[in-house]
Amino acid sequence: MKRSVFLCQYITLSHPIDNIHTMTFEQIYNKNVKLVYNLCLQYVHNLEDAEEITQDVFISVHDSLNKFEFQSKISTWIYRIAINKSLDFIKAKNTKKRFAFIYRLFNENNEIQYEQSHFEHPGILMENKEEIKQIFTRIDQLPPNQRTALILNKIEKKSHSEIAEIMLLSSKAVESLIQRGKSNLQSKLKTARVDPNNIV
Amino acid sequence: MNSDLDLLSQISSVEAPPFLLDKISQKIEGRKKRMVSPKLAYTLTVAFTVVLAINIVFIFRYSTSKPNHSDWIGSMSLLEDHSLYK
Numbered sequence: 001m002k003r004s005v006f007l008c009q010y011i012t013l014s015h016p017i018d019n020i021h022t023m024t025f026e027q028i029y030n031k032n033v034k035l036v037y038n039l040c041l042q043y044v045h046n047l048e049d050a051e052e053i054t055q056d057v058f059i060s061v062h063d064s065l066n067k068f069e070f071q072s073k074i075s076t077w078i079y080r081i082a083i084n085k086s087l088d089f090i091k092a093k094n095t096k097k098r099f100a101f102i103y104r105l106f107n108e109n110n111e112i113q114y115e116q117s118h119f120e121h122p123g124i125l126m127e128n129k130e131e132i133k134q135i136f137t138r139i140d141q142l143p144p145n146q147r148t149a150l151i152l153n154k155i156e157k158k159s160h161s162e163i164a165e166i167m168l169l170s171s172k173a174v175e176s177l178i179q180r181g182k183s184n185l186q187s188k189l190k191t192a193r194v195d196p197n198n199i200v
Numbered sequence: 201m202n203s204d205l206d207l208l209s210q211i212s213s214v215e216a217p218p219f220l221l222d223k224i225s226q227k228i229e230g231r232k233k234r235m236v237s238p239k240l241a242y243t244l245t246v247a248f249t250v251v252l253a254i255n256i257v258f259i260f261r262y263s264t265s266k267p268n269h270s271d272w273i274g275s276m277s278l279l280e281d282h283s284l285y286k
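One line per chain: the protein sequences are A and B, in this order.
Heads up, the first sequence is in my numbering, so the first residue is 1 and it goes up one at a time.
Heads up, the second sequence is in my numbering, so the first residue is 201 and it goes up one at a time.
Excised from the complex, chain A in its bound form:
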């Protein structure tokens, strides 16, 4: 019997564990929730948003477990889902922000419904908060691939080969992405330090 089929028979919330291929959804959740939540937090820097994306990630995991073909580790697959969900969430939020004036036209109170999420990252020490906020503002302006590579390498402390597996790229491509990300970030930070109001 195909292992994925075997696995999906056990994807309920309460079945016991036999081995790695018969993990229950709850066990998969317990094993990976911390990494997913933290990864989402690095993208959105906000507790509420990170929680929302984490929920979406595990709902997708629950729905797609029977399609998982064991070609990679389950945590790698979950990482991939978390990255895609986080990027989609940011894209959707930016679209909402862009069209906020239209919502305003049709809103009786004439108020903009979209609210910018505030920076709220519990993993950052108070004394570093402002500086890291500035760095994250610049990281958010990088292309998604470079941003992902930098987050995985510098914050999640993943090796190049692990990142390559998660991003479905070669190690060389990852190395080049990280280098380009670093130099882009450097120039953005330099511009920001010369002119703090410049956020482009």
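There could be a bad hint or two in this list.
[Stated by the list, open to error] Label pairs and their calculated CB-CB ranges:
hint : chain 1 : residue 1 : chain 2 : residue 2 : range
1    : B       : A253      : A       : T95       : 47 to 57 Å
2    : A       : P144      : B       : S212      : 17 to 27 Å
3    : A       : D88       : B       : R231      : 11 to 21 Å
4    : A       : P144      : B       : P217      : 24 to 34 Å
5    : B       : S203      : A       : T95       : 31 to 41 Å
6    : A       : N128      : B       : K227      : 32 to 42 Å
Hint data in this document are derived by calculation from the structure and do not stem from the laboratory.
For glycine and all other residues, C-beta sits at the position ideal for the given N, C-alpha and C.
Could you slot chain B onto chain A? The hints should help.
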């Protein structure tokens, strides 16, 4: 630059909020309840198609044809080529 990236590596990982699994389970259960069963969806589609087909058949078979132009002129006792308008 390296000091900036060093700052990033100082970010510590945090615990996920409690009861998140309960919320996820509730969402999954809620979605299952809201979902229309494939059987019902199939039945509704077939019923809709049948009603639509009956309507089309009735429109083409029983719709009254337009009256012939010369019949209409004759019934109104009109002249088809009135010299007044020539």
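To see whether the hints hold, each was checked on the structure:
Checked against the hint of 47 to 57 Å, the C-beta distance between A253 (chain B) and T95 (chain A) comes to roughly 41 Å, which is inconsistent with it. For P144 (chain A) and S212 (chain B), the Cβ-Cβ distance of about 25 Å falls inside the hinted range of 17 to 27 Å, so the restraint holds. A beta carbon spacing of about 18 Å between D88 (chain A) and R231 (chain B) agrees with the range 11 to 21 Å that was offered as a hint. The supplied range of 24 to 34 Å is met by P144 (chain A) and P217 (chain B), whose beta-carbon atoms lie about 26 Å from each other.
Evaluation of the 31 to 41 Å hint for S203 (chain B) and T95 (chain A) yields a pass: the beta carbon distance comes to about 35 Å. A beta carbon spacing of about 35 Å between N128 (chain A) and K227 (chain B) agrees with the range 32 to 42 Å that was offered as a hint.
Going down the numbered hints, you'll see the structure goes against just number 1.
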